[in-house]
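*Asks:* This is what each chain is made of:
2 protein chains.
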Amino acid sequence: MVPIIISLICGVVGLALAGLMARYVLSRDQGSERIREISAAIKEGALAFLGREYRILAVFVVVVAIILGFIPMLGWWVTLSFVFGAVCSGLAGFVGMNIAIRANSRTAASAQKSLNEGLRVSFRAGTVMGMCVVGIGIIGLSILYFAFHNNPDFLKIVPGFGFGASSVAIFARVGGGIYTKAADTGADIVGKVEKGIPEDDPRNAAVIADFVGDNVGDVAGMGADLFESYVDSIIATMTLGMIAVFSVTLGKSIVPDEATAWFLPMLVAAGGIIASIIGVFLVRVGEKAEMGALLNALRRGTFSASILTAIFSFLAVYFLCGTQGFGINIFWAILAGLIAGVLIGESTNYFTSYAYKPTLNVSESSQTGAGTLITSGFANGLMSTLPPVILVVVAILVAYHFADIYGIAIAGVGMLSTLGIQDATDAYGPVADNAGGIVEMSDLPPEIRERTDALDSLGNTTAATGKGFAIGAAGLTALALLLSYTQAVGIDIANFNLLSPHVISGILLGAMMPAIFCAMTLNAVGKTSFSIINEVRRQFREIKGLIEGTAKPEYGKSVAICTTAAIRQMIAPGLITIVSPVVVGLVLGPLALAGFLVGAIAAGFIIAVTFANAGGSWDNAKKWIETGAFGGKGSDAHKASVVGDTVGDPMKDTSGPSLNIMIKLMSIVALVLAPVLAGFTGLL
Amino acid sequence: MVPIIISLICGVVGLALAGLMARYVLSRDQGSERIREISAAIKEGALAFLGREYRILAVFVVVVAIILGFIPMLGWWVTLSFVFGAVCSGLAGFVGMNIAIRANSRTAASAQKSLNEGLRVSFRAGTVMGMCVVGIGIIGLSILYFAFHNNPDFLKIVPGFGFGASSVAIFARVGGGIYTKAADTGADIVGKVEKGIPEDDPRNAAVIADFVGDNVGDVAGMGADLFESYVDSIIATMTLGMIAVFSVTLGKSIVPDEATAWFLPMLVAAGGIIASIIGVFLVRVGEKAEMGALLNALRRGTFSASILTAIFSFLAVYFLCGTQGFGINIFWAILAGLIAGVLIGESTNYFTSYAYKPTLNVSESSQTGAGTLITSGFANGLMSTLPPVILVVVAILVAYHFADIYGIAIAGVGMLSTLGIQDATDAYGPVADNAGGIVEMSDLPPEIRERTDALDSLGNTTAATGKGFAIGAAGLTALALLLSYTQAVGIDIANFNLLSPHVISGILLGAMMPAIFCAMTLNAVGKTSFSIINEVRRQFREIKGLIEGTAKPEYGKSVAICTTAAIRQMIAPGLITIVSPVVVGLVLGPLALAGFLVGAIAAGFIIAVTFANAGGSWDNAKKWIETGAFGGKGSDAHKASVVGDTVGDPMKDTSGPSLNIMIKLMSIVALVLAPVLAGFTGLL
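In order, the protein sequences belong to chains A and B.
Add 11 to the 1-based position in the first sequence for this note's numbering, that's all there is to it.
Add 11 to the 1-based position in the second sequence for this note's numbering, that's all there is to it.
One chain only, chain A, in its complex shape (with noise of 0.2 Å):
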């Protein structure tokens, strides 16, 4: 009981800590007159989108809580849980957007002053998202333990607080993906390529729809994407772990006792909490920094979070089950995963940034034009993949040779550990980015806008790193639920072989799953920013005096397009991924499910991490030339590193992060289900 209060203290420190964070922001001066009015427009529209998109999300709760509960071998309490999942998930994206809409305006107000002042509001906001999600997190969790640890059930209900939580967050990253990348697109192919006038230019009818979409898209869809993954790895280690404790199909325990296998990652996750509090704290740079020195700052505090949180999962371990055995063994499996996320991370950096030798020469073939450039990008990406995979396979290897399959499984909540201070540098990239907005329409001087630019990439850059970061843990998180659920479905040894044609089926199956998923999404937006670039078009049209800036566009009938549109093409991608395991299950058998969830996650890391990485380079090239390489701003290179982004930005914006969401609420449903599916053999 007692690690679980001390998990429970650390979650509440965390929200302490969002809090304060909170209220310093609160406490920024708001700016000018027009600022405030360009963050009204913003923040009604985020709140609208949001308001819609939660509607529609509690009908489904309802619906599926309802089917749950109606299932014998679950029932109500699984409802419950389920339910609670879904709250702390809408929860932790709703507090963390709502802090980012103040702040946008804030941190352009301290733009005016300097450039560490604007780091200091965005950064501190963002850390309000971090420390929510993982304060939300690891509280839920705990309340869970002490609601059901004594039910015989326990078991069944634990994972239903993922399934809930994962299911909010398909929907939140994929609407607000969506809606994101289909607002940036359409305003920027209307206005930067067709008129030629700058990016968020007032005059263009999308720009606030692009203000919201960063909103909606990247603080609140992260924010439930992440919150996902931090619970989802906890719960598959916990379930595993308790599984493991009586395996029957290892043949061994592995595990010492149940209270053990609840603690331990609980623990390790409270370390990183605190580990990352402290990092956060080490983010500081003096009065006149310069851009380098920002991104130090930055990665001080990053670099600091993950040691400290090596040394508290060793504390952890040894509180728990001293250095002999299997405390050292666990404490190895955790350092794995640790240094994997750390290494995958920067790898992420050097395919995506100009630093680096890939992304050069992706902008380099923007001289033969848009075409060779985004083959050269796209083959980028499909490299990328290669330290990703190699990293992760090294992870599994080294945590199972010294704590077996829950090695794995712990691997997994070791590299999500420093979430923390991870999310914060991830959620305070789009409030500097809707801060440069509101900077370039309220006219303030040029050097404003610079101040701003610069945060913005400074947020590229370790959104890059928390990209790879986010990929490498679904892997292993993913890994570990379709670990637990082919325990959990009791899933004999002798037959899970590779002869079995419905296993082979399944994997091919599951391969096909995350392509059908990314051409559902990619066309959403595509969809949708057509329908948003017919409307800037006919507004420039339409109305008189618009392009010579005498007359206002109308930017509410953007905002209303893209809701409407991402609300309606949200669905179908996150039907599909909660239904077709179950199909899978119910048709061709528990077996071809284990094989469906194998197949997804090695086709869905894949794919991925070559959208995430694709994407990235295609921007950074663009960006690139936009320091005056290959003739700069304008030139024929810049266009097409323009198409090249366009290209890109569903791909790692919309697609790309959904994937680590769709491969992991797969294998929830199936834990899930694995009661239902246990002893069955499919109607095939």
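Quick caveat, the hints were computed from the structure, so don't treat them as lab data.
Positions of the beta carbon are idealized from the N, C-alpha and C atoms, including for glycine.
Just to be clear, a hint being listed does not mean it is correct.
With a cut-off of at most 30 Å between alpha-carbon atoms, the simulated DSSO-like pairs for lysine-lysine come out as follows [said to hold, decoys possible]:
#1 538(B) - 644(A)
#2 650(A) - 206(B)
#3 568(B) - 555(B)
#4 644(B) - 206(A)
#5 650(B) - 650(A)
#6 650(A) - 555(A)
#7 644(A) - 555(B)
#8 203(B) - 650(A)
#9 203(B) - 634(A)
#10 634(A) - 538(B)
#11 538(A) - 568(A)
#12 644(A) - 538(A)
#13 206(B) - 206(A)
#14 538(A) - 206(B)
#15 124(B) - 650(B)
#16 203(A) - 203(B)
#17 650(B) - 644(A)
#18 650(A) - 644(B)
#19 650(A) - 634(B)
#20 634(B) - 555(B)
To be clear about the criterion: a stretch of chain A counts as covered by chain B if any three or more of its residues have a C-beta under 8 Å from a C-beta of chain B, and this derived list gives those stretches [to be verified]:
#21 382-390
#22 609-617
Fit chain B to the given chain A structure using the hints.
*Replies:* Same frame as chain A, but now just chain B:
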């Protein structure tokens, strides 16, 4: 023995038809002085490339042969079989290309008479290729039987033949693919995009290289590719069948005896040859045929061949095993493969032809620029994985239901048995393409060019169907090889389960391989076309009077650049394909290698289908716009579609088809290595 003699006779009949068709083609008029001159330049370039390629391959084959010979568990008979397979594969490609480079001028000359004359010459040239592939394939395997069927190591010797064929195929496909797409893209970018001159304009220095590329890539490369598909599917079935007779791991006998295991696939293939020959003779149209009639004629040929193959297969099964139990069951498995193959071809056509909605949507998205066009084409490619995966899964489940894992293998033979005519309709395309180019360069009247364009466009339709079919067959064949491997290496079912971290690691690494392979081949095309672009630009800059048409470009220089670059860059992707399964098998052990193959097959299948169909739909979206849609030629929509085509070209003609070979080659390397790996547990 009798069935093999029947197969041998069918093979000889196939070659006889090839000879007849070749005589017909060679007897045609070669056209004007100018036509002959251009054709001679193409011939020279193509033969020079093939000469250099084969010299490199000879070195490779000798080195691998020696290594195989010195491995104690394999020995010199395996070496001999390997060399024999390599030689047969090279021969099929060489003979086919030799007739293609002679048929282009004759097609151009015949097209001056009528559309139908043009079709006849080019289709008969394609038939030479198709019949050589199947004839040489089945004769080679028959010789192998006569030479070794009493040898106790027979089961080790047979896969050597496939290994030889696949090794040649991967280099020929990759090298040819790099050549053809680099020349094509390079010529298009400088010619069409920068200089605004038509395709195949004689002032373009890369135009001859482009024609050469069609021959070395789309004829010789594809010939080697289909040869290996064909023999590998038969070999997989034979080895699996022979192992299955005595299978310990399966615990039951699937195939009555070794003779049946060997004879059955040979007879089914032999029936397919006769069916293809009949199909070829059904490709007839009246003298004044329209496009629609031509297409119907080709489809009548392929469909009839499929139906006849089904009938002949039934006879083969009846002849060998009767119609009770095993016999009729095997027939259902063959039929499942055959039908799945036809349907996969049709689904490819649906996703890539502008007669249907998906490609029309892609071309519609060109209105908002190259970026949205590329996203929508890629999404279409991803979505197009749905039917092939479902069809392969259904074929697997049906085949397994009727004839266990042997059924899966023989379903692959069923799918590939109509290869003779499929390859004929495929190989006819590049001949027609070349003829069109020659017409353009010879200042013949525009109506002749219209005729060759019609032939070319017909070729594109049949190529799309053929590509889908090739990918489906590759998937099934690779699975059959994998199953043979697991049996040959004696994987204990109880060990082969997903909870093994080695298997998981293998799957992840395997899924990564197609991505790395595609990255390398895409980059190779990019680099080579970059050199070509610079060379063509240089010639326009330095050769006075070139753009005015008073001076001639130095075609030879572009040809030399393509040759050198393609040969240099085909080596690395080929080598990693061969070396990676060896490394995984030795380091992580035979279980991990099985996982590795599963991952590679699943991910490779998805990526191959995506690349082929995305590329096909971009190509046809461009063609649709060229018919006048969205502003027609020269419009912004058209420019966007040219960019899409540039992106799709290396995907659909270099990386995509090479993946088919890659997944089979890795599987056959594993199968050849099985005696070495049996009982081994890996270094880690």
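*Asks:* All the hints need checking, so say for each whether the structure fits it.
*Replies:* So, going through the hints one by one against the coordinates:
1. Of the supplied pair hints, the one linking residue 538(B) and residue 644(A) holds, its CA atoms being roughly 25 Å apart against a limit of 30 Å.
2. For the proposed pair residue 650(A) and residue 206(B), the alpha carbon gap of about 18 Å is at most 30 Å, so the pair holds.
3. For the proposed pair residue 568(B) and residue 555(B), the alpha carbon gap of about 17 Å is at most 30 Å, so the pair holds.
4. Only pairs whose Cα atoms come within 30 Å are accepted, and residue 644(B) paired with residue 206(A) is accepted, the gap being roughly 23 Å.
5. About 13 Å separates the Cα atoms of residue 650(B) and residue 650(A), which keeps this hinted pair within 30 Å; it holds.
6. In summary, the hint linking residue 650(A) to residue 555(A) is supported, as the alpha carbons are separated by about 29 Å, within the 30 Å threshold.
7. About 33 Å separates the Cα atoms of residue 644(A) and residue 555(B), which puts this hinted pair outside 30 Å; it is violated.
8. With a CA separation close to 18 Å, the supplied pair residue 203(B) and residue 650(A) stays within the 30 Å bound.
9. Pair hint residue 203(B) plus residue 634(A) holds up; C-alpha atoms about 28 Å apart against a cutoff of 30 Å.
10. Restraint check: the Cα-Cα separation between residue 634(A) and residue 538(B) comes to about 23 Å, which is no more than 30 Å; the hinted pair holds.
11. A distance of roughly 16 Å separates the Cα atoms of residue 538(A) and residue 568(A); the hinted pair therefore holds under the 30 Å criterion.
12. Between residue 644(A) and residue 538(A) the CA atoms are separated by roughly 28 Å; this keeps the pair inside 30 Å, and the hint holds.
13. Of the pairs offered as hints, the one joining residue 206(B) and residue 206(A) holds, with about 26 Å between alpha carbons and a cut-off of 30 Å not exceeded.
14. Distance check on the hinted pair: residue 538(A) and residue 206(B) sit about 34 Å apart at the alpha-carbon level, beyond 30 Å; violated.
15. Among the hinted pairs, residue 124(B) with residue 650(B) is inconsistent with the structure: their alpha-carbon atoms are about 34 Å apart, more than 30 Å.
16. As the CA atoms of residue 203(A) and residue 203(B) are separated by approximately 26 Å, the hinted pair is consistent with the 30 Å bound.
17. Between residue 650(B) and residue 644(A) the alpha-carbon distance is near 21 Å, which keeps this suggested pair within the 30 Å criterion.
18. About 21 Å separates the Cα atoms of residue 650(A) and residue 644(B), which keeps this hinted pair within 30 Å; it holds.
19. Of the supplied pair hints, the one linking residue 650(A) and residue 634(B) holds, its CA atoms being roughly 24 Å apart against a limit of 30 Å.
20. The straight-line distance between the Cα atoms of residue 634(B) and residue 555(B) is roughly 34 Å, outside the 30 Å bound, and the hint therefore fails.
21. Only residues whose beta carbon comes within less than 8 Å of a beta carbon in chain B count, and the region 382-390 of chain A has 7; three or more means the coverage holds.
22. Here the region 609-617 of chain A counts 6 residues with a CB under 8 Å from a CB of chain B, which clears the bar of 3, and the coverage holds.
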